[in-house]
Amino acid sequence: MQTGRKILGVSALALMAGNAWAEGELNALVWCDHTDPELIAPFEAKHNVKVNLREYEGTGAALALLEQSRPGDWDVLVVDGIDVFRAVEAGVLAPLPEGAVSTADYFPEVVMVENNTVDGVTYAVTEKFGYNTISYNSAKVDPADMESLSTVWSEKYDGRISIYDYYLPVMGLAAIAEGIATDAIGAGDLAKIDGVLSTMRSRAASVAGVVAAQTALATGEVDIVVGGGEWLTAVLASEQPELTWTIPKEGAVRWAQSIGVVEGASNPDLAVEFIKYITSPEGQARLATSSCFWGMPANAKAGDVLTDAQKDILRWDQQPDYLALTQLYPAPDADLDIEMQDLWLETLQQ
Amino acid sequence: MSKDQVRGWGFVTPALLWTIAFFIVPFVVMGAMSLASLEGRTLVWDLSLANYAELLEKKYLWRAILVSLEITLTVTVISVVLAYPLAWIIAFRVSPRWQRLALLLAILPFWTSYVVRSYAWLLVLAREGVVNETLMWIGAIAEPITLANTRFATVTGFVHFFVMLLTLTIYANLIQLSPNYRRAAMDLGANAFQTFRHVILPLTLPGIVTGAFLTFVLCIGDYVTPQILGGNTELTVPQVIMVQLGRRADFPLASALAIVLMSIVALAYLLSARWLRLDRL
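Sequence order for the protein chains is A and B. Numbers 1 to 350, taken from the numbering used here, label the letters of the first sequence in order. Numbers 1 to 281, taken from the numbering used here, label the letters of the second sequence in order.
Any given hint might turn out to be false.
Said to hold, decoys possible - In silico BS3-like links for lysine-lysine, alpha-carbon gap of 27 Å or less: (1) K58/B x K192/A; (2) K140/A x K311/A; (3) K3/B x K192/A; (4) K276/A x K50/A; (5) K140/A x K276/A; (6) K249/A x K46/A.
None of these hints come from the bench; they were simulated from the model.
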């Protein structure tokens with residue numbers, strides 16, 4: 001009997017300890033831009049909590065991780081804007097409390113209700129956006145050539161191009177070059193896209209991820225990155241101002257990342273507070289200029305916090321034109337997604 | 001059960017449980033997963049061979065297997081050819097006083113991070129890197145040539161690493177050879193080449209094959225080096241597996257690819273089993 005009481009007592013202590021641990025910590029599954037201490041430290045100090053961050057690559061990997069975790073392991077998820085519905089479908093995102101996060105000050109084009117809402121219920125909010133377009137070395141290529149997609153991957157730049165290693169934005173750019181809207185891409189368009197990809201691939205020296213593409217551009221290995229943008233060159237701006245980016249006349253692809261509360265979170269209230277902080281002007285300014293990669297804040301009020309130099313690098317004043325000229329990532333359904341990925345891998349193996 | 005048997009089981013059980021928990025069970029799960037399929041985004045346990053059929057149908061998948069094999073065999077052959085003379089020099093031409101230092105220098109590349117070392121090679125082989133600059137300076141080339149982001153770069157990165165591994169396994173074999181073998185061969189009239197060809201080489205074959213097998217296994221399953229140095233100009237099996245997992249979360253197809261990879265390694269083991277002496281490492 002006494003042993004039983006002891007076990008109960010120890011169990012109760014363990015449970016209390018568990019709660020205390022849970023209350024003092026927030027666990028977030030994020031992209032690398034959230035791991036900048038300049039972004040996280042102010043929130044931790046204000047709420048006297050520890051934010052545990054884990055980076056991931058690819059929505060598939062994030063969903064697999066969440067599905068294999070116990071309920072309550074994760075509180076916050078940062079996810080590709082076009083994949084919010086996938087996360088909802090998989091049951092890993094909880095509805096956001098009504099009115100908890102205001103998007104009144106957002107750039108209207110990036111509120112993206114249709115992406116962040118499923119059946120009228122809001123599951124996430126946009127937090128950052130940018131462009132998959134053309135990054136280049138202005139000292140090595142003719143900037144005028146970068147203003148049209150047809151001249152970017154022309155013979156003139158044979159072997160001087162790197163392609164960003166993510167099929168959705170690059171295939172989006174190929175579609176735009178062919179006059180196909182990214183939201184209208186269907187299986188019947190893949191032959192045309194394949195033609196553009198093959199040309200692009202034949203001119204390219206490499207197909208590179210974020211770090212490899214940055215390294216290739218910075219070391220002179222290539223002079224152009226197809227699919228690049230402010231997220232690629234902004235962190236290099238002070239050291240190599242000749243590395244820049246543009247949006248060609250045909251347009252480019254717009255990326256957006258969203259943030260939401262994980263279903264069954266241990267600290268849902270704290271998770272909402274975190275999202276409020278990230279979407280506040282201060283949080284947005286810090287997220288926009290994260291040491292991992294820069295990007296435009298979704299909240300236009302962040303402009304009051306960012307310095308003029310930072311806004312110059314982000315091309316703050318050109319945003320109305322850029323937003324009008326760009327289209328969101330293609331968001332294929334599961335079947336088309338497989339076809340697009342197969343086409344991409346065939347292109348890489350050419 | 002005798003006392004000795006109980007004691008014997010006591011020693012073996014932890015390793016056995018470890019192997020069951022961390023090799024047998026995951027392997028069975030992976031095998032079962034390779035027979036499932038993905039319908040839309042739902043996992044279906046239909047126990048079919050559809051994923052294996054897909055490997056034959058999709059050109060990029062079987063090409064990945066071919067690319068992996070080509071790179072691995074190239075790396076293994078080059079590493080053996082470079083490592084053998086190095087091991088020979090350390091074993092027989094370096095005085096015992098300096099052998100330890102020579103071995104230390106041989107394993108020095110293992111001390112740096114694998115990822116950092118790969119990125120370092122990327123910079124060395126870049127158009128404005130040391131190799132191109134040197135070739136241009138001596139007048140061998142007029143314009144920088146493309147070395148980074150190619151199969152050449154991948155093979156170079158691998159060889160740099162595996163030459164050291166093979167040097168150690170071959171050296172361990174060479175150092176165990178009694179000098180009497182050489183003396184006996186010479187006494188019987190064999191010249192240096194004949195002694196090497198008919199006596200030393202056959203006796204050091206276990207060290208070569210052991211190192212070559214380890215090189216094969218580590219090289220064919222590596223993701224980092226081809227990803228960083230190859231520039232995605234062609235894809236190996238581990239890279240294709242990562243693509244299946246990263247975006248699509250297609251665990252069934254990724255498992256089938258992993259099983260194929262394991263089968264290739266098992267085949268390599270069977271082919272080299274006669275000479276393998278892993279206990280000599």
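Hint check, failures only
Numbers 3, 5 and 6, in rising order.
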